[in-house]
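As you go down the protein sequences, you meet chains A, B and C in turn.
According to this note's numbering, the stretch in the first sequence is residues 1 to 565, in order.
According to this note's numbering, the stretch in the second sequence is residues 1001 to 1410, in order.
According to this note's numbering, the stretch in the third sequence is residues 2001 to 2386, in order.
Since the hints were derived computationally from the structure, they do not count as laboratory data.
Honestly, I wouldn't trust all of these hints.
[Said to hold, decoys possible] Okay, derived cross-link-like pairs now, DSS-like style, lysine-lysine, Cα gap no bigger than 27 Å in a straight line:
1. Lys362/A x Lys132/A
2. Lys1127/B x Lys459/A
3. Lys1112/B x Lys459/A
4. Lys1346/B x Lys213/A
5. Lys132/A x Lys459/A
[What the hints assert, rightly or not] Far from chain A, by Cβ distances over 12 Å, these chain B residues were calculated:
6. Pro1052
7. Pro1064
8. Ser1100
9. Leu1175
10. Ser1182
11. Asp1185
12. Asp1197
13. Tyr1200
14. Arg1205
15. Thr1209
16. Phe1214
17. Met1218
18. Ser1232
19. Lys1346
No residue lacks a Cβ here, since even glycine has one placed at the ideal position from N, Cα and C.
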Amino acid sequence: MTASHLFPKAAIRRRVYRVLVLLVVILAGINAASAGEELSAKVDALIAAAAKDASIGPVCDDTTFVRRIYLDLAGRIPSSQEAATFLASTQANKRSVLIDSLLAGPDYPRRMRDLFHAMLMERRGDNAEWAKFLETSFEANKPWDQLVREILDPDPDNEAVRGAAYFHTRRLEKVGQQETDYPGLTRDIGRLFLGVDLQCAQCHNHLFIDSYKQVDFQGLFTVYQNTFIRTDLKFPAVGEKVSSKKIEFMSVFDKEPLTTGPRIPFGQEFEIPTFEKDQEYLTPPDRKTNFPGVPRFRALQVIARELAVDSNKAFVDNSANRLWFVMMGRGLVNPLDQQHLDNPPSHPDVLQAVGEELVAQKFDIKWLLRQLALTETYQRTSVLPTTDDVPSAESYRVANEKRLSAEQIMNSIFIATGPREHSGSVEPPPAISPPPAVETTSDAKPAPTADEIRAAFVKAFGNVPQDPEIEFSPSLKSSLFVLNDPAVLDCLTPRPGNLVDRLMNEADSSAVADELYLSVLTRRPTDEERTEVTDYLSKNESRRQTVITNLAWSLLASTEFCLNH
Amino acid sequence: MGASAGAAAGAMGLGGLLTPALADDLKKKAKQVLFIWLDGGISQLESWDPKPNTEFGGPFRAIPTSVPGIHVSELLPHTAKQMQHLAIVRSLCTQDNAHSSGVERIQRGDPKNRGVVYPYFGSAVTKLLGPNDSGLPPYVWIKPLSGGFIHKDAGFLGPKYGALAFGDGQPPDNLLRHASVSEQDLTERAQLRALADKRYAASHRAGPTEANSFVFDMGLELMKRQDLFDASKFSPRDVERYGTHDLGRHMLVARKMLQAGVTFVKVNSYGWDTHGDNFNGSLSLVRKFDQPFAAMIEDLAESGMLDNVLVIALSEFGRTPRINGHLGRDHWPEAWSLVMAGCGVKRGIVVGSTSDNGTYVTTEPYDIGYMFHTWFNALGIDSLHTEYDNNGQPLPIAHEDCHPVQELLA
Amino acid sequence: MSNAPSEFSEPQPVTVINTERQISSIRFSPCGKFLFAAGRDAKIHRWNVSPPEAPVDEPVAADEQTDPKTKKDAKLPEPVFPELPPLSGHDCWVSTFAFHPQGERLFSADTWGRLICWRYTDEAPAPLWNIADAHDGWIRQLTVSPDGKQLATCGMDGRIRIWSTEDGTKQNEFGAAGGDVFSLAFHPDGKSLVAGDLMGIITHWDLAEAKSVREFDAKIFYQLSRIQDVGGVRWLAFDAEGKTLAAAGGQPDGGGFVQAVPTLRFINWADGTEIQTLKLGENQDGFVHEVAFHPQGFWIGVCSGQPGRGKYFLHRSGEEQPFFTNNKPLQNCHSLALHPNGARLAVISNVGTFGQQKSMAREGNYPGNTSPINLFDLVSPTVENG
C-alpha cells in the first residue's frame, strides 16, 4: 500500500506528510527528553514480561525503601532522625528526591570507594593511594570507562590517579617463594573488566565453554607477564618491559604450537612495532635512579585503549552487569565473571538495554544508578508473597536480599548505636575516659584506632582474599565477633546521646520499643515486638541497662540487620 | 540438640527434613577421622619399616610388637604394644619429592589435573559425610603457632569447608565470653536473636536466617566448651600419658574434640625433615610421636570409639635409604610407609613390603590415590561412584586410575 | 715428643684411603703401626700404616727433579696402606672404640648395646670377652682409663657404666634412664670421669665416691626446637695435663634439617670457669664432632654440617681463631685420629651423592656414601715424619 493509494488527493497527501513529519519530530523529542525515564520503565516492562503470569511483588514500603537506598548509595543505614524525617515527609516524589540527595551527598564517594575496593581488590590488601584514587573518582563522578582505563594503564605522573596502579602492583607482589602470579593478574583483568574467567583457558581451550579459547588467555597474558612493580617510586607504580616477541603456547591436549602477540580477548591481535636498536625506549632507563625506562610501545596503553571502550561488547556487558548487581543483588549474568554462550544473562534484553543506555550516557555511573534506583524492580519488596511461592532469584519477582559488606555493617552498627542525628563521616564511638567499669589489668592495651577497628570488621565479615563477596555467608568468625568483640560491644556502652543512653532515659517502655526499632532496624516494631520489649523491661526493672543492651544487641545480631532486604 | 541438627542440616542443604529417629541413627553411626600430619617426612626406616643391620638400616634395632611377626623400630615402644589395632602400609610410592608441592598433593589425594583445586582430605570428608549434631565445627585443625579460619584447604568446595585451626590448641579469637557480658545476658541475647530471626524468616527466604542461626549456635556451643581448650581441666593422668610436649598436648586436645563429636580432627607436627643428624633427630622425634599416638589408640580402643574413628598418620614422603654426609636422610617418595587404624580398617596387619635394603617397593606400589579410595570406603563412602558437582563439572573424589585397597578394608 | 711448639705450615696431604662403607670413628694403634676404623658395616677395619721404606734406586739429580713434561716437581710415590682382614663380631654400626694404652687390646661398642674386647694384634682376632647387652641400645662413647684398668661406656639409655678391661666385669654405674649421654672422658689423673649429655649438662663424676661432684653448664649445645631435642655435648677431651676440658658440639638453630654453629668450649678444670667459647662457622656448618689434644699444645677438631660443609682445624686455646682450617675439598668430617708420634693426622670425610635423585635401585644401582680417610702430615721443622 502506498501513500498515493491511501490518500489519492495530493493536497491531503501533503498535509498528511506534514503531520506525519511533525509526529515523528515530536516523538523523537519525547524519546530524547525521556530517554532516562524510558530506561527504568523499559527495565520494569522487560522484567514483567519475562515473569509472564507469575505474580510480581508490590513496591516496598517507605521504611524498607529508606533503609535500602541509604545502604546502597551511602553505605550505611539512616540514623533514626534521618529515617524519621523521610517517613514523615509528605512530598509526592520524596523517593526520587532522596535518591538524588544521596547521590550528591558526602557518603556516596566513600560508599563507592569501599564497594569497588572490595570488588576489584577482593581483600588482597589496602593502600591509601588506591583509596584516594577511588574516592576522588567517585566524587567527580568520573565515567566508568575512564576509571577503568586509569586502572588498566596507570599514570604515575598524575598524583590524583596514580594509586590506580595498586590493582596491578598488589597482584604482582611475590608470595613467599612462589613465582610472580602473572596468570592470576591476567585472569583478573578478564574477570573483573570483561566478565570472563579465562583461568581454564591457560592450558587449553576451555573444555566446556566453547567461546573461551586458549589464545584469549595467552594474548592477554603476554602483556601482563611483561609488567613489574617499579621500585624507584614510593607509591604503587607498574612498569613495562620492552615487548619483543610473540608468546608461544600450545594446548596440553593437542600440542600444536601457536603464537600470539598482545590481544584483547575475543578481539584482534596487535602488531608489535619494530624499532631500531636503541630506539625502543621513549625515555631510556637510568640505572642510578633505578628508573626502568618507558618503552615506546607499551602494551598496557593498547589494552586500556582497546578494552575499555564502548565498542567492546564484553566490556559494556560486564560494566552494565556489575552496576546492575550493585543495585539488584544479583548479576543478570551470574556469576559475574562467567559470561559465555552456555551461561547467558537471565534477561538478555535488559542487559542489552542497560548497556546501550550506559554507552549513550558515556558511562555516567550516577546516571545509571539513579535509573536503576527509580525502577520498580529495585524498589520491589523482598517479602515473599506466600511461603509456598518462593520466586527464583533471577526472576526479580521479589527483590533479592543483598549481603552487606563489612564496611556497611560497621558503619550501620555505629549509626544504629550512635546519636539520633548523624553528621559528618561515620566514626567509631569515641573512647570513654575513664574506661568503663570492667576489670582491666594494669597493662591494658591502648584504645584501637579507627583503622584498626575497620580492619577488625573486615577480618570478621570479609571473605578470604580472592574470594568474591557475592552471597550472604556468615561465619563462625563473624558470629564470635558480634558475640564477644569489644569493637561491637563497646558501641552498646552508654555515652551521652547514644542509643543505649537515650533508651535508658526514656521512661515509657513503648517509646523505648519505638526508638529501638527505628534506630536499629529502621522501622516500627510490630505489636508483638512492642509487647515483648515492654514485658522484658517490666520484669527486669533492676537490670534496666542490661535489658536495653541485650535488646539492642539481639537486633544487631539478627539476620534482618545484616542484610539489605 | 535436635533443633540445631535440623538447622544445621538445613544450612547445609538437607532441607531440614531430619526426623528425631533418623537423627539418632545418624548419631550412632557418625564417622569421624583423626588425621595426624608429620610435616617434613618421617623416616620409615626409623619407624614403620625398619631394616636393622643392612647397608641403609641405620643404627637402631627392630622390636617385636603385640602382633607376632610384625616388627617396628625400637623408637616406637608404646605403639608396638598397640599393633593389634593398627594397619601399616609399607608400599607407598608417590610422585613428588618436594615439600611445597608434595604436601599439597598428598593431602589433596593428588588427583588428575582438572583445572580445579581439589580439597584437602579433611574438607572432602566434611563435605561427603555431611553435618554431625555436635554443634561444633566439623573440621578442626590443631597445630602449633597461629590458629584461625583456614579456607585454602577447601579448594573448589568453597570456604565453608575449610578448617577451624586452634593454634597451639588455643581457641580462636573472641571465643571467650567478654567480661561485660554475663552468662545470663548471653542466654537472653541468644533467645532474643533467635526470636528476631524466626520472625524475619516467616516472610522471607529461609536460607539467610538458617545460615545466620547456624553460625551463632555454633559460636555459643563452642563458647560452652572451654573444657576442650583449658589445659587446667585435663586429668593429670592424661597429661602424663600423652606427654607435656607440644604434640602430646595437641593430641590430647584432639581426643577431646573427637569425644565432643567433631567430624574431622587434624593434628600437625612440624620439623620432621631430618636431612641432617637423622638418627639423633628420629630418636627424639619418633619417640615424641610414639607416646601420644599409642595413648590415643589405647583410649579410642578402650572406649569403643575406634570402631567409628578412622585414624591416619603420615607425611608427604619418606626418607632416603642412603645416608648423606651429615648423617641425614633426604626425601624418598619411592618407597615409604604410613599407619592407619579404626573405622572400616583391618586390624593388626602389614600391607606391602620393600626390598631388603628398603630402596623400592616389591609388592604392588600404592600412590596416594589408592589411600584416598581406601579411606573413603572405610568411612562408608563409595569412592568409585561418588562425584563432586563443581558448578556442573562432575569430579571424581579420588584419582580415577586408583582403587580401594581391599586388603586394608575390614 | 717433647719439642717446643713451633710454627706449623699447612698440613700436607699424604694419601686417601677409600672405604666401601661409612665409618664412625678412626684411631691409630698405640704402637703407631695400624689405623683402625669402626664401620657402619658392623666391622672394624684396619690398615697397616707403617709402610716399608720406599726403595730408592737412584737419587734424583737436582736438575731432574722437575718433570720435563709437566714442569712440576716430581712427586715421591704415594704410599699404599694395605688393608688387613676386618674384625667381625658386631651386628650393626660399630659406633666407638678405644685402645688399651699399653697396646695389644682394643675395646669396641655398637649401636645395639654390645661391648667387645679384642686382641687386635692377632691375625684373625676373636673377642676376648663379649657382652651383648652392655647397654640398652646405642653405646655412643667408650673410653679407657689412663691406667688401662677400666673402661667407661655411655649411651642412649642414659647410663654410664664402668667395666674391668681385664674381663668385662661391670664395676659401677652412674646416670639414670631417660637421659641420653653422648660423651665421656677420663681425667688424666684417673680419678674423675666427665660425661656430657643431650641437654647440655657436663657432669663431673668422682670415681672413688661414685657420685657426681660438679656440673658444668653447656646448655649452649642444646635447643628444644618444636618437639625435637637438638644438639648434645658431642665430645669431651682433656689436654695432656688435665687443666683444660674441651667440650665440643654445635649451637643449634633449628631441628629437622638441623642448623647448628660448630662450637667449642674450653673449661678451666680447677675452678670450672669458662676459658673460651669458640664459634667455628655458620649455621650450615653443623657440629664439632671430635677434638683431640696434640702434645705440642694445640687442639685438632673436626666439623660436619649440611652436605658439603665441614672441615678440620688446628687451634690453640685462648687464641681468637684456629690457626689453621682446612675447608674444601674436605667435607663432613666426623672423626679424627692422631698418630702417637704427633706427626700424622687422619680425618674421615664423606663422599657420595645427595640421596634424592630418581632411584635406580631396581636396576641394582643405588650406591651408599662412603667415608674416605684422609691422611696428612703435620709438618714442622722440628717434627720428624714417621
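Hint by hint, here is what the structure shows:
Simply put, lysine 362/A and lysine 132/A have alpha-carbon atoms about 23 Å apart, close enough for the 27 Å limit, and the pair holds. At most 27 Å may separate the alpha-carbon atoms for a hinted pair to count; lysine 1127/B and lysine 459/A meet this at roughly 25 Å. Under the criterion of a C-alpha separation no larger than 27 Å, the hint pairing lysine 1112/B with lysine 459/A is inconsistent with the structure, at around 34 Å. With a C-alpha separation of about 49 Å, the suggested pairing of lysine 1346/B with lysine 213/A is violated against the 27 Å cut-off.
At roughly 22 Å between alpha-carbon atoms, lysine 132/A and lysine 459/A fall within 27 Å of each other, so this suggested pair holds. For proline 1052/B, the requirement that its beta carbon stay farther than 12 Å from each beta carbon of chain A is met, with the minimum near 38 Å. Residue-level check passed: proline 1064/B sits 44 Å from the nearest beta carbon of chain A, beyond 12 Å. Against chain A, the non-interface label of serine 1100/B is violated: not every CB pair exceeds 12 Å, the least being about 7 Å.
Non-interface call for leucine 1175/B relative to chain A: violated, since the shortest CB-CB distance, roughly 6 Å, does not exceed 12 Å. Separation of serine 1182/B from chain A is inadequate, the least Cβ-Cβ distance of about 8 Å not exceeding the 12 Å criterion. Not every C-beta of chain A lies more than 12 Å from that of aspartate 1185/B, the closest at about 6 Å, which undercuts listing it as non-interface. Not every CB of chain A lies more than 12 Å from the CB of aspartate 1197/B, the least distance being 5 Å, so the non-interface label is violated.
The non-interface label for tyrosine 1200/B is inconsistent with chain A: the shortest C-beta to C-beta separation is roughly 5 Å, within 12 Å. With a cut of 12 Å on Cβ distances, arginine 1205/B falls inside the contact zone with chain A, its closest approach being about 6 Å. At roughly 5 Å from the closest C-beta of chain A, the C-beta of threonine 1209/B falls inside 12 Å, breaking its exclusion from the interface. Not every beta carbon of chain A lies more than 12 Å from that of phenylalanine 1214/B, the smallest distance being close to 8 Å; the non-interface claim is violated.
A cut-off of 12 Å between C-beta atoms contradicts the statement that methionine 1218/B is not in contact with chain A; the least separation is 6 Å. The Cβ of serine 1232/B sits about 19 Å from the closest Cβ of chain A, beyond the 12 Å cut-off, so the non-interface label holds. Residue placement check: lysine 1346/B keeps its beta carbon more than 12 Å from all beta carbons of chain A (closest about 37 Å).
In this structure, the earlier hints numbered 3, 4, 8, 9, 10, 11, 12, 13, 14, 15, 16, 17 are contradicted, and the remaining ones agree with it.
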